[in-house]
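Participant: Got chain A; can you put chain B on it based on the hints?
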Amino acid sequence: MSTKLSGPGSTRTPGRGPAGPGLPRTARTARHHAPITATGLAVKVVLLGLVAGIALWAAFPLVEAEKWVGLALLAATTAGLFYLYLTPRHIPAKYLVPGTLFLIAFQVFPVLYTASTAFTNFGDGHRGSKDEAIVAIQSSSVQQVPGSTEYALSVATAGDPATGALVFLVTDPATGVVSAGDADGLRRLDPADVTVGSGGKVTAADGYTVLNFGQASARSQEITDLVVPTTGGALRSSGLSRAYEGRAIRAYDAGCDCVTDSESGKRWTADEKTGSFVAADGERLAQGWQVNVGLENFSRVLTDPNISGPFFGTLLWNFAFAIGSTGFTFLLGMAIALALHSPRMRGTNLYRVLLILPYAMPSFAMLLVWRDMFNTDFGLVNNLFGLGVDWFGEAWSARAAVLLVQLWLGYPYMFLVATGALQAIPKELTEATSVDGASPWQSFRAVTLPLLLVALSPLLIASFAYNFNNINAIWLTTEGGPFPADNPRNGATDLLITYTYRLAFGAQGAEFGTAAAVSIFIFAIVATVSAISFRNTRKQEEVYS
Amino acid sequence: MTTYAHPPAVDRAAAGRRRSRWLAQVGWRHVVGVLAVAFSLFPILFVLSAALNPLGTLSSTSLVPTGGVSGENFADLFADTAFGHWFVNSLLIAGLASLVSIFLSSLAAYAFSRMRFAGRRVGLLTLLLIQMFPQFLAIVAIFLIFTTVTDLWPAIGFNTPWGLFLLYMGGALGVNTWLMKGFFDTLPRELDESATMDGASHAQVFFRIMLPLVAPILAVTALLSFIGTINEFMIANVFLTDTESKTLAVGMFGLVAGERNNNFGMFAAGTLLTAVPTVLVFQLLQRYIVSGLTAGAVKG
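Chain order of the listed sequences is A and B.
Counting from 1, position 209 in the first sequence corresponds to residue 209 in full-length UniProt numbering; the numbering is continuous, with no gaps.
Counting from 1, position 183 in the second sequence corresponds to residue 183 in full-length UniProt numbering; the numbering is continuous, with no gaps.
Careful: at least some of the hints might be erroneous.
[Unchecked claim] Just the calculated beta-carbon pair ranges, DEER-fashion:
| # | chain 1 | residue 1 | chain 2 | residue 2 | range |
| --- | --- | --- | --- | --- | --- |
| 1 | B | Leu211 | A | Phe109 | 29 to 39 Å |
| 2 | A | Ser220 | B | Leu35 | 52 to 62 Å |
| 3 | A | Ala400 | B | Ala75 | 37 to 47 Å |
| 4 | A | Leu453 | B | Leu35 | 21 to 31 Å |
| 5 | B | Glu244 | A | Ala76 | 29 to 39 Å |
| 6 | B | Leu63 | A | Ala42 | 53 to 63 Å |
| 7 | A | Gly309 | B | Phe117 | 47 to 57 Å |
| 8 | A | Leu453 | B | Phe78 | 45 to 55 Å |
| 9 | B | Leu63 | A | Leu73 | 53 to 63 Å |
| 10 | B | Phe117 | A | Val43 | 20 to 30 Å |
| 11 | B | Leu35 | A | Ala42 | 56 to 66 Å |
Rather than coming from a laboratory, the hints here were simulated on the basis of the structure.
Bear in mind that the values here come from a model prediction, so they are computed numbers and not experimental data.
C-beta atoms are modelled at their ideal positions from N, C-alpha and C, and glycine is treated no differently.
Chain A with its partners taken away, still in its complex shape (with noise of 0.2 Å):
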């Protein structure tokens, strides 16, 4: 094994180094004309017939559901495959094409859907197109009319009964035919597949979990909100066990591109350009619909107060935990590392082994135990010094607890490559400082240190990266919190990461696309910071060699 170290100790062979592009290399030309083996080409009828039959399984639901481009894409990447490696050109592409695929589909093309979502207002209320808005406005505004016909209701789900999207199940009393209903309709079921009680309530379908009455009321909030369309208005739930068919009070007129409540005889006009139904008093309707509003997430990031002053706030700490993450552990790790490294010292093997214990820890698991250690009542830090500090409730000491955890968590790791990095600088170096009459100290700040760093460089720039969106570490023991009387949305430990989960997420509602701007804003600041520090480090070495 190699450990060469690179930098000013060592120098390359210039003949080498890999060759600049373009330059012909005889060894190619000889590669083309090697033999083909038996497993190689029985290894390769056995992948492509693999490509083969997953492209044929992949094929039938997209026919099915007639997602013609799909199928296009699909049929266009196999044969590019099949192409690729039944050709004896492209031999560098022969290898970059398997992981490239993967990372396109799952990281390339997502990230440029978030991208594209930062030009919209998607979120909460503007989740879908402007038709499915107008089936939302007029199905939600259903009230029960004298006379309405009653069903027996059950609450079921095809998933899991605490989060899996709901289902009515529905009997006529007129005909005793069930149906199946969500917000996409009705559907009958075949009574074979059901079981209906006494009173006409559906207690078991098949395909279907029914829920019990104490699964049913921990989503009552979830069930009263749910709206079946049907032919003659919608279906809606009163109580847990029977559901009435209303009519529609407001209704859309594509005449005047407005909806108008036959009640009140109040009128909300279409704003194409924020996506929603607006009064003449300027009241909107809450359900509206996507748009592109350009640049408006992007500037709304920086001027609106509400979200500009956490962003920069933020942004600091965000700064500061990266920074003091990275440089922390490095300092204690390369502390305990130069400690260890010496010919004398015996045990070093049993350190070590003990020492790296908490890297191999689960560490989403060891961050709950660091929360549940700095607890103000029962936690261990408080018991065991004595104190009585409510380290999660105070900006300072939360931000103190949570660099001390990442302390913790990250400092083996930085000790492990400080060890193998000191194991590779030659003895030589050393010796001849000390010979020189310098102290230990100055050889260590002139020799040992500069050495280092150009090992670990590159190293602490990922490990900078990382930790600057580390959410885990933020959302498993603080959440982001302490936060402030008046703003419920940024704590004083929130990272950038961490707040805009909440922008997307949160309990304030969705708002995906300030959330998206605001992942673009994050990209660019570490990768400005990242390119920066890789152009220092390229200075010394040949890190794109």
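Facilitator: Leaving out everything else, chain B in the frame of chain A:
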């Protein structure tokens, strides 16, 4: 900071002086070592004590088990929760994801290190840049994409290990590729060039010559991505909602999310069990880890 060799201790030195010299040169190193070990171990001792403490609450836990020692928490963990399922799911997803991802990135690293082609430099930079965009920030987009996928192919949709596996594969190229490319670069080119001259195909060079030589870095990156995947919480939390499809991170978070004080003993027991596979692999690969990490670090 005496990392260099000293002239041998002179014989006339008295025993007392020798002892103070030992203290100055070696003794303080042991003090630092012991302090560091204490810092490393005390939270782990706390977890161990909580796991063995039959009272099983946070308030009854201290560094030494207060209510005696028993395996009750471990038994409860398997009886009351789907811990067995979570454990298998996590090992399956993390094991498979790390194996396949290091294979994919070693392919790419080989191409980036040994071949010259148009777009190579751009490719390397793009890889670095894409990694800067945390996959988690795209979670909304991922959620919407997988809603469609679940409709079309439920076998790789939500609540399946395969869907999560595909998602983790999306980040397979990246840091690992860079780490491995650095290692490939340190192998002398003469090795594969002479094999090529002898008539070996590029696939033979890769599988027969390069892969065995880079075994240490493969071990390290596999371990790193295994640890990373086992600890991944936020995406899995969005992805897996069925009790039995959860991974350890998601399931165990649920244990302490509600009644965190009362379930603490079970949670601690689960933490120890989760650590077992990682610690075992860690001790096995220790020797590779130090050298492998450093070699990767040298070239970025």
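Participant: Take the hints in turn and mark each one as holding or not.
Facilitator: Here is how each hint holds up against the structure:
Remark: the range hint 29 to 39 Å for Leu211(B) to Phe109(A) is upheld by a beta-carbon distance near 30 Å. As the Cβ distance of Ser220(A) to Leu35(B) is approximately 56 Å, the hint placing it in 52 to 62 Å holds. Between Ala400(A) and Ala75(B) the Cβ separation comes to about 38 Å, which falls inside the hinted range of 37 to 47 Å. As the Cβ distance of Leu453(A) to Leu35(B) is approximately 25 Å, the hint placing it in 21 to 31 Å holds.
Checked against the hint of 29 to 39 Å, the C-beta distance between Glu244(B) and Ala76(A) comes to roughly 37 Å, which is consistent with it. Between Leu63(B) and Ala42(A) the CB atoms are about 59 Å apart, so this pair conforms to the stated range of 53 to 63 Å. Checked against the hint of 47 to 57 Å, the pair Gly309(A) and Phe117(B) passes, with Cβ atoms roughly 49 Å apart. Checked against the hint of 45 to 55 Å, the C-beta distance between Leu453(A) and Phe78(B) comes to roughly 48 Å, which is consistent with it.
In this structure, Leu63(B) and Leu73(A) meet the distance hint of 53 to 63 Å, their C-beta atoms being roughly 58 Å apart. In this structure the hint that Phe117(B) and Val43(A) lie 20 to 30 Å apart at CB holds, the actual value being about 23 Å. For Leu35(B) paired with Ala42(A), a C-beta distance near 59 Å keeps the hint of 56 to 66 Å intact.
Violated hints for the displayed structure: none, as all numbered hints are satisfied.
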